[in-house]
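**Q** Numbering-wise, the sequence shown is residues 14 to 151 according to my numbering.
Just so you know, the hints here were simulated from the structure itself, not pulled from any lab data.
Do not take every clue at face value.
[Stated by the list, open to error] The calculated lysine-lysine pairs, modelled on DSBU-like cross-linking and capped at a C-alpha distance of 35 Å, are:
no. : residue 1 : residue 2
1   : Lys68     : Lys141
2   : Lys18     : Lys33
3   : Lys137    : Lys22
4   : Lys96     : Lys140
5   : Lys18     : Lys82
6   : Lys22     : Lys140
7   : Lys137    : Lys33
8   : Lys68     : Lys33
9   : Lys82     : Lys33
10  : Lys96     : Lys33
11  : Lys33     : Lys140
12  : Lys140    : Lys82
13  : Lys140    : Lys68
14  : Lys137    : Lys18
15  : Lys22     : Lys68
16  : Lys68     : Lys18
17  : Lys96     : Lys68
18  : Lys33     : Lys22
19  : Lys96     : Lys141
20  : Lys22     : Lys141
21  : Lys68     : Lys137
22  : Lys18     : Lys140
23  : Lys82     : Lys68
24  : Lys141    : Lys18
25  : Lys82     : Lys96
26  : Lys141    : Lys33
27  : Lys82     : Lys22
[Claimed, not checked] Derived CB-CB ranges, DEER-like:
no. : residue 1 : residue 2 : range
28  : Ala86     : Ala116    : 32 to 42 Å
29  : Cys29     : Asp93     : 34 to 44 Å
30  : Val149    : Leu20     : 31 to 41 Å
31  : Gly88     : Asp126    : 19 to 29 Å
32  : Pro69     : Asp93     : 26 to 36 Å
33  : Pro34     : Gly88     : 37 to 47 Å
Using N, Cα and C, we set each Cβ at its ideal position, and we do this for glycine too.
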Amino acid sequence: MRLIKHLYKRLHTISCVRLKPYGISPPEYEILMMLYGTPEQAITPTEAAEAASEKPANITRLTDQLCEKGLIARGSSPDDRRKIMLTLQPAGLALIESVLPEACTLLHEQTADLSEAEQARLEKLLKKLLNGVDAVDA
C-alpha cells in the first residue's frame, strides 16, 4: 500500500504540473474527460463525482469553476427537467483535444517498461484491490 501512496503522489504532482499551462486541475481534467468520452458529451453531477473520485460536495465547486471558464454548461435534462446535466462546451472540447496528445504520450512513456501483459495484469489487480477496498468501505 505504501507504494500505491507514493505512486499516487508522484502521478498527482506530474498531473498538476502538466495541466497547469491549460488552466485546469486533475479533478477538472477527469470531469472534462468523462464528458468527452460520452456520446452526447453530457453527464449528471453524480457521474462527474464518480469520474473525478470526488465527494459530491466538491463537485459543485469544480463544476462552477469549469462553468466560469466556459468549458462546460449546467442545465436541465431534456428528458426530465428536474435532473441537472453538465455538458461539454466547444471551448472544453478544444481544450481536451489539445491536452490529449501530451496526455497519451506521457502515459505511454510512464508505462513503457511494462509489457502489454503486465499492463493488463496490473489493471486487473488494481481493480481487484479497488473492489476489496469498496467492499470494506460499504
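**Q** For every hint, state whether the structure bears it out.
**A** Hint check results:
no.	hint	result
1	Lys68 <-> Lys141	holds (22 Å)
2	Lys18 <-> Lys33	holds (22 Å)
3	Lys137 <-> Lys22	holds (21 Å)
4	Lys96 <-> Lys140	holds (31 Å)
5	Lys18 <-> Lys82	holds (31 Å)
6	Lys22 <-> Lys140	holds (19 Å)
7	Lys137 <-> Lys33	holds (31 Å)
8	Lys68 <-> Lys33	holds (23 Å)
9	Lys82 <-> Lys33	holds (14 Å)
10	Lys96 <-> Lys33	holds (32 Å)
11	Lys33 <-> Lys140	holds (29 Å)
12	Lys140 <-> Lys82	holds (34 Å)
13	Lys140 <-> Lys68	holds (20 Å)
14	Lys137 <-> Lys18	holds (18 Å)
15	Lys22 <-> Lys68	holds (19 Å)
16	Lys68 <-> Lys18	holds (19 Å)
17	Lys96 <-> Lys68	holds (19 Å)
18	Lys33 <-> Lys22	holds (16 Å)
19	Lys96 <-> Lys141	holds (33 Å)
20	Lys22 <-> Lys141	holds (21 Å)
21	Lys68 <-> Lys137	holds (25 Å)
22	Lys18 <-> Lys140	holds (16 Å)
23	Lys82 <-> Lys68	holds (21 Å)
24	Lys141 <-> Lys18	holds (17 Å)
25	Lys82 <-> Lys96	holds (23 Å)
26	Lys141 <-> Lys33	holds (32 Å)
27	Lys82 <-> Lys22	holds (27 Å)
28	Ala86 <-> Ala116: 32 to 42 Å	violated (23 Å)
29	Cys29 <-> Asp93: 34 to 44 Å	holds (37 Å)
30	Val149 <-> Leu20: 31 to 41 Å	violated (21 Å)
31	Gly88 <-> Asp126: 19 to 29 Å	violated (45 Å)
32	Pro69 <-> Asp93: 26 to 36 Å	violated (19 Å)
33	Pro34 <-> Gly88: 37 to 47 Å	violated (29 Å)
Checked against the numbered hints above, the structure violates hints 28, 30, 31, 32 and 33; every other hint is satisfied.
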